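Start from the sequences, fold in the hints, and give me the full structure.
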Amino acid sequence: MAAVIQADQLDGLIKTTQRHIERERKASIAERLTKYIGYKNLFRKYKVSVSDGYGIEWNMTTDHSNTAQQVGLFDTIAPATAINQVRFNVPWRHTRAHVSWDLREIAMNRSPARILNYIKEKIFEMDVSWVEHLEGQIWEGPESGDDQSAFGIWGYWVFSPADGGTANTTSPWTTTSTGGRVNLNHSANSTGPGAVSRVTYPRSAPWYQNYSAITYSDLFAKMRVGFDEIDFVSPVDYSKLGDGTTQFGIYCTQAAARAAADEARLQNENIGTDLAFYDGKAMIRGVLIQGVPKLNELDAAKSTANVPFLVIDWSQLRPFCLEGFQNHEVTETGGSNQPLTVTRAKYMSWNVRAWNCKTMALFTSNAS
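Using our numbering, the first residue of the sequence shown is number 258, and each one after it goes up by one.
Simulated from the structure, these hints should not be mistaken for lab results. Do not rely on the hints blindly, as some may be mistaken.
[Unchecked claim] Pairs of lysine-lysine, BS3-like flavour, derived with a Cα cap of 27 angstroms:
1. Lys292 x Lys538
2. Lys379 x Lys283
3. Lys292 x Lys379
4. Lys559 x Lys297
5. Lys379 x Lys297
6. Lys615 x Lys538
7. Lys379 x Lys615
8. Lys292 x Lys603
9. Lys603 x Lys377
10. Lys559 x Lys292
11. Lys615 x Lys297
12. Lys377 x Lys283
13. Lys297 x Lys377
14. Lys615 x Lys559
15. Lys297 x Lys283
16. Lys538 x Lys603
17. Lys538 x Lys559
18. Lys283 x Lys603
19. Lys283 x Lys559
20. Lys538 x Lys297
No experiment lies behind these values; they were computed from the predicted model shown.
Quick look at the structure:
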């Protein structure tokens, strides 16, 4: 059989012919995560609130009036003057991303030499960096002394007893079928989320329970209890800051999501219908359990892995942005020192607010 010769082996053809160039098309490996679930839910799926001032505040009713009673004829009434309100206070946090280029680079990138629009490519790189950074800010809470990071979900609004300095195996958060609300403040935030102490107002805290294994008899049995404790329906209609109807999602590391899916897939008829296997994922109480790539990183960075399952009510979570500074973009030249340098920057003054965490829950396997 004659030897096979390919086009790139013909010297004459190589010297006189260039390869076909796919202009304005490219591949990208800039994305370091496979999915950006926090960003998608917080900034795209749900409405961004815009505000002014030097931060944002909202009130929470901490108790009812305790005045309802049975009375007789001509009964006297005492004025009820107690104010059962507490105010949350959340400051702005500021995010920036930028790229720069030299004007001479643009001159070199004009047609017919151009394969990609150089400026568009640079801005694409900035935007990927922007979304990836926000994904981390959405999930992760600030450490002690950090006054720059946003108030992320896991570590600020939702956290385990261990984050407050108490062992997860302490009653009522043990591996029994109890569970309870985390009536502690995070060790990095002694005043409580939004300056409202969960020591003083434990009913504002998420539900928590420790688990040992991702099985129906352990984790999923405890999730059933947790859902009963967080699925609130108020007997009185009132103007709520949230969207009213709960919008649950369950989030964990991707490895934990696979383990949960395996458990759901292997269930038998004796387990019941509250745990299901759907499209390769586990579902409990009709809520999908989704793996979050960013949680892989955050859990791996802990001294002891938590293997968390966060039950998030998205109706209570919103990003709020300073008016005029939501994805605010500016383009400037470098001035006298670098007159040919152009910088495109994107700014946002924002933070995450959780109106009410009582409809959320956390389950971890870390018993420290």
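Status of the hints after comparison with the structure:
1. For the hint linking Lys292 to Lys538, the alpha-carbon distance of about 15 angstroms falls within 27 angstroms, and the restraint holds.
2. Between Lys379 and Lys283, the direct Cα distance comes to roughly 13 angstroms. Compliance with the 27 angstroms bound is thereby established for this hinted pair.
3. A distance of roughly 22 angstroms separates the Cα atoms of Lys292 and Lys379; the hinted pair therefore holds under the 27 angstroms criterion.
4. For a cut-off of 27 angstroms, the pair hint linking Lys559 to Lys297 stands: about 25 angstroms separates their Cα positions.
5. Taking the CA atoms of Lys379 and Lys297, the gap is about 23 angstroms. The hint holds against a cut of 27 angstroms.
6. A C-alpha spacing of about 26 angstroms is found between Lys615 and Lys538, which places the hinted pair at or below 27 angstroms, so the restraint holds.
7. Distance hint between Lys379 and Lys615 is unfulfilled; the C-alpha atoms sit about 43 angstroms from each other, more than 27 angstroms.
8. This hinted pair checks out: Lys292 and Lys603 have alpha carbons roughly 22 angstroms apart, not beyond 27 angstroms.
9. Restraint check: the Cα-Cα separation between Lys603 and Lys377 comes to about 14 angstroms, which is no more than 27 angstroms; the hinted pair holds.
10. A threshold of 27 angstroms between alpha carbons decides the hint, and for Lys559 with Lys292 the separation of about 21 angstroms falls inside it, so the pair holds.
11. For the hint linking Lys615 to Lys297, the alpha-carbon distance of about 23 angstroms falls within 27 angstroms, and the restraint holds.
12. Between Lys377 and Lys283, the direct Cα distance comes to roughly 12 angstroms. Compliance with the 27 angstroms bound is thereby established for this hinted pair.
13. For a cut-off of 27 angstroms, the pair hint linking Lys297 to Lys377 stands: about 23 angstroms separates their Cα positions.
14. In summary, the hint linking Lys615 to Lys559 is supported, as the alpha carbons are separated by about 26 angstroms, within the 27 angstroms threshold.
15. At most 27 angstroms may separate the alpha-carbon atoms for a hinted pair to count; Lys297 and Lys283 meet this at roughly 24 angstroms.
16. Only pairs whose Cα atoms come within 27 angstroms are accepted, and Lys538 paired with Lys603 is rejected, the gap being roughly 37 angstroms.
17. A hinted pair counts as satisfied when its Cα atoms are at most 27 angstroms apart, and Lys538 with Lys559 qualifies at roughly 26 angstroms.
18. A C-alpha spacing of about 24 angstroms is found between Lys283 and Lys603, which places the hinted pair at or below 27 angstroms, so the restraint holds.
19. Between Lys283 and Lys559 the CA atoms are separated by roughly 37 angstroms; this puts the pair beyond 27 angstroms, and the hint is violated.
20. Among the hinted pairs, Lys538 with Lys297 is consistent with the structure: their alpha-carbon atoms are about 19 angstroms apart, no more than 27 angstroms.
In this structure, the hints that do not hold are numbers 7, 16 and 19, in rising order.
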